[in-house]
Amino acid sequence: MGKSSKDKRDLYYRKAKELGYRARSAFKLLQLNEEFHFLDDLERVVDLCAAPGSWSQVLSRKMFDEAEGDVQGKKIVAVDLQPMSPIDNVTTFQADITHPKTLSRILELFGNEKADFVCSDGAPDVTGLHDLDEYVQQQLIMSALQLTTCVLKPHGNFVAKIFRGRDIDMLYSQLGYLFKSVVCAKPRSSRGTSLEAFIVCLDYQPPANWSPKLDNNVSVEEFFHDCFVGINKLSLGDDSQLPEWHESVRTVAPFISCGGLDSFDSDATYHLDEGDMAKIEKSLDPVQSPTNPPYKRALELKRSGKLSSCV
Amino acid sequence: MKDTFHVGPSLAVKFVAGDQLLCAVGPFLHIYNVTKNRLIHKVRIFKRNKVHGIAVSEDKLAIYGGKSVSLVSWEQLTGANDVSNLEHLSPEWIVSTEFDVTGQNVFLLTCYNMVLVVDFASGDVLQRNSLPNERSILYSGSIKVLDRDHVLVNAGTVMGGIIVWDLHTGTQLWNLLGHEGSIFYVTVSDNGKYVASCSDDRSIRLWDTFTGKELSLAWGHTARIWNLKFFDNDTKLISVSEDCTCRIWSVEHTAEGIELIAADTFEVHLTKNVWGVDVNEEKMIAATSGNDGRIKLIDLKQTTRMADEMEQFDIKAIEIHCNVRFAAGEIIKGFHCFEFGIVALTSGGHVLRYTFADKSWVLLFTDQRFLSYSITNGVTVASHNVVIFSNNNCDLLLVKFTDRGKIVDQGKALKVTGLAKTTNVMCTTGDKAEVIYVTVESPNPRDNFVILAIDSSTLEVIDRFNYGKPDSFVSSCVTVLDHYILVGSRFSTVAIFDLFNCAKNGVYRIDDLNIGDTTTSIEHVETKQCRHLFSVTNRDGYYSFLAIKFDNGISHEVIHSNKTVKGFLERAFYNDEGDYVTYGFKSRLFYMYNESKCYEIMHHMCGGAHRQWGLYPVGVKEYILVYIKASQLHVLRIHKPRVPEFLTAGLHGREIRDLSICPRARATNENEYLFVTGSEDTSIKLNTVDKLTGEVTTFWTERRHISGLQRTRFISDDLLISCSALEELFLWRVDDTFARGPYIHMLQSLPVATLNPDLRIMDFDVKFTASGSFILATVYSDSSIKMWHYDNESNNFNVCVETRYKTCCILNTRLIQFRDHLFLLITATDGHAVIYRVEQDNDDALPNGLAPVVSQRIHQSGVKAVDVKVTESTLTLYTGGDDNGVCVSVFQSVPAPAAGGFPGFELSRSEFAHSIASATVTSCQLFDKGSKLLTTSIDQIVRVWDASDDELPLKLIESQYTTIADTGCCDVVQGDSIVLIGGVGLSTWNM
Ligand SMILES: C[S@@+](CC[C@H](N)C(=O)[O-])C[C@H]1O[C@@H](n2cnc3c(N)ncnc32)[C@H](O)[C@@H]1O
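Same order as they appear, the protein sequences are chains A and B. Going by the UniProt record's numbering, the letters in the first sequence line up with residues 1 to 311, in that order. Going by the UniProt record's numbering, the letters in the second sequence line up with residues 1 to 991, in that order.
If we strip away everything but chain A, and leave its shape as in the complex, we get (with noise of 0.2 Å):
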């Protein structure tokens, strides 16, 4: 698909251009990063969800190209659906994360050694379905927490893309117990018409009653089980019922806004005259775009007249 001339005035998509970032996302890590310093000192880190590449891109050079001592050890594993072209310095694998099996090869993958850092920017397919979509986005932050349990060594960072929604409060009081600290973030480079947000947990305190166990035969609800039933009250006695409708137990986390307002605004439309325009076509290192969509026989066929509204 070709990017529109509206993508191309984006100042965000025209500066990841020029830097070599594959996708425009890379700054909402780089303005996260700017209040919170979650990427000072990596050692070893994990990105889900990271196609086509910008946030491996992003650790790769802080952990690697502008690392000043040993860069020996340093470790940065990359998973996502969808293939992925190589980064320098970057582990990359084609999986889902909420299949068990995914975790399992992330921890091969570490050998006995923790994680410092472990961040997601996973986003489902929308279907348009608002609750489904928020579920399956949280199912993918639970999957990343899932992993993070494993993984994070104490006082570790997590970060992962959350959609602002009706039960994103249900999330922010589970992960509440695993974090000193938890809050909502929105860079400046997330359009605000977007319900895209991020949530920084910081510090990561394990629970002293509870060890995660990863096990193939078990999904990531019934995993954090144990861990929540406190907050959760998920299971109210045994389980040979199903337990009745009860309200969840709802936190509200500080709201921070990161970026400086001198950066640009992802909803402004921005002049460019015909020379910058011309620049971003010409440089050389373009944006990925999702190479191979699903639905790209389909749309071939849609171009050459097969598929229409009629019969």
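Errors might be hidden in some of the hints.
Said to hold, decoys possible - SDA-like cross-link-like pairs, simulated, lysine to any residue; straight-line CA separation at most 20 Å:
hint : chain 1 : residue 1 : chain 2 : residue 2
1    : B       : Lys806    : A       : Gly260
2    : A       : Lys101    : B       : Thr171
3    : B       : Lys621    : B       : His639
4    : B       : Lys767    : B       : Gln817
5    : B       : Lys929    : B       : Val890
6    : B       : Lys806    : A       : Arg191
7    : B       : Lys47     : A       : Arg250
8    : A       : Lys306    : B       : Met605
9    : B       : Lys806    : A       : Leu11
10   : B       : Lys806    : A       : Ser263
11   : A       : Lys296    : B       : Gly161
12   : B       : Lys272    : A       : Ser194
13   : B       : Lys806    : A       : Arg250
14   : B       : Lys272    : A       : Gly128
It should be emphasised that the hints constitute simulated quantities derived from the structure, not laboratory data.
Place chain B with the ligand on chain A using the hints.
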């Protein structure tokens, strides 16, 4: 606060015995009697969650949505208005429920591929089954109970695989691979032979359950497919999609093996998404439900149910039937259809008649004057059925038929004198049934345009009227009212001929009604207070309503204009339900479309617009379409629908971005208010709300905008403005004086700055000056601010101020009159509110500049919503932000310095309420004379705050959950305590 009416996405429909249909509507179930077209029961199922699906076994139901599930009996369901006390929670999101063979147990399939077996009566969880190592997330899945021992679980993964496993043995049968992307639906046929599935790749695949082989791959839908169902003994499959269509596929045994073949397509819902589908196999009716909240019914046998729908004749068959010999290449040149049958004229001058009663063709007579070029017209008045044949030689032949098709007399031949040639002849009758008016047009511009008045019983010419032919006039349709003949022409023109005045000034001409070309129909709708309302259609898809006055010379006013969805528009009329129905062609189809409710009534593959055709009303609500295709005469009977076409009409298919209520109750019904909704789907709808029932009715869907709506607001009792991206801003006038309902017409659009406008107009405000003109302020996504003067005399916008705030996007603006001065407020994505003084040379002069008075950061990021209270000495801003907070800022007025200058404002107090909501606050609205503030936010909580004094912090009076997701806008009928909340759907609330 209490919600009284709700329209929003409906995710599931299910037929049950006794012609009843269960419809999931948010957290409610609505039960309809389909044959009676009646809502018989509404019951709340869940407290917050939406109902996603329903399984039924005799008198037991298993209803699910999200993690919620409710096992209820039919008696419980119909015996109460609220059964949410029976709501239980599953540990994981439920994708499907099903009863076992005994109906005693319910299977719940969760999105982590686990099946809970629950005892219906006790609610005990008897088993938890899952497939080892397959616990990743599913978007879809289903359970098929084949018999006691065989229960198949079909799990659709996010990576293209469909895992079919046996519930009782816990073993995997197949991992069906072939699809790409997430699987969105999978189902098994009743006989257990086939699995059908669909995914993000937009294909439907049919698999063999016993071998795991892919049998067929079918394409057709242009977007994602959400639901599939086998019916008609597993010989057919029905699918519904994001592309708003519902399609029928037949499972056919061909030489290639078993194949899915596209059989029919129905356009059923508004952009976008059809979620639910079910089929009543006994009656062969399908029901669908969509994001637009509509519950649509489809007669799956619409064109075969009565078996008399289609007749076709080729010229040979007619020849044999009539026992005549036609010349080689002789074809049917024209026809007219009456109740009794069809009268046709061939290129050999043969006049034929087909009677429906005995299905027979006869040759009536032959007339050598009507060889090659001929036109056939017909009209029925007071039981006189008259056909008028004409040629290009000014010959007319009028023939009259009885109700049973017998010729009365042998017809009347006449020659229209004084014309060189005739290119078009048309006829019409008015209220004076005894007269038929015939228009005769010559291609020679110097010839007269002739109108003949003919006595319908004697067929004698009573009168002849000659008019100088109007310039570039090519007649295309005609109608009559009193002594005025209205003739449509090419170039989107209508000419009115006064029969009492044949002089040059007896012709009144309306040009360029729209940008289309040929006027295809003119129809009188109603007359009120000497204003005659006409509906006018244009082949290029436009239609307008004209209010015409005949007293004191003819004058007209366009009170409505719009464009149809697509295709050619041939005519439109009001049906018995008061809905405006259009018909015409789109590509190779003939269509009839309900324009008021926005759905297709029928379509028929006739080959396209370029052919001889006619649509004729017969009987009650029935039509006959006659057309020629591949030199065959086709006769299609369009019966009146055997099932209601819809049970509830629905509203927008996408998010409502803004809504605005007319400040004054309707003149025709004081319990009703007009309101307008603007949506992401790029349309604006003109609706009414009943203040007692909260019920909403839509009249028109305006399609002028080509980008998603940003704002829409009534600026007076009859004017409203809408704006969107691509610099679109339109001024509309609403006319609510006619009995049929309100009309809306675009008066003017704001001039755009460049050839390729790509700025979004984010908000606007107006301040009326004397005599209906006003000052308009517009704010843009590139931080620019403009002020305009709209002059109502000339109907023109002129820009008077252009300036820029910074580079960030401006989100809101308000024009505020404070004592003698006009101020402009803006709020932007940088969290600031800025107040400017509008510079004018004197009080009445146009603005000529903006001088910043105060700039204040009040939110961390985008200030999404604002309302303003003006008191003697202060301005109070109530704002809602992307930072989840509500802020109250009081600005104190600062008098002009003694040395000269202007008064200003400074912030005296402000209070920011953090984390008021857990997500963006999207709208703020003061009501009850500014004593209360209503806020909506994305967390779906509607809150009412005490704003009676400026005391801070704000005190929360009330808060309530709304089922409207993406809650984004609201409006209040001031003084009448009705609130409308918009988002993905619309709710009416009573305060
Ligand atoms: C917004 S993109 C990530 C962009 C990335 N951070 C970057 O900077 O290039 C979201 C990604 O989430 C991935 N995703 C969604 N669901 C997933 C799942 N279940 N497992 C793995 N990846 C998933 C999608 O394939 C998509 O590539």
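Are there hints from earlier that the structure breaks, and if so, what are their numbers? 13
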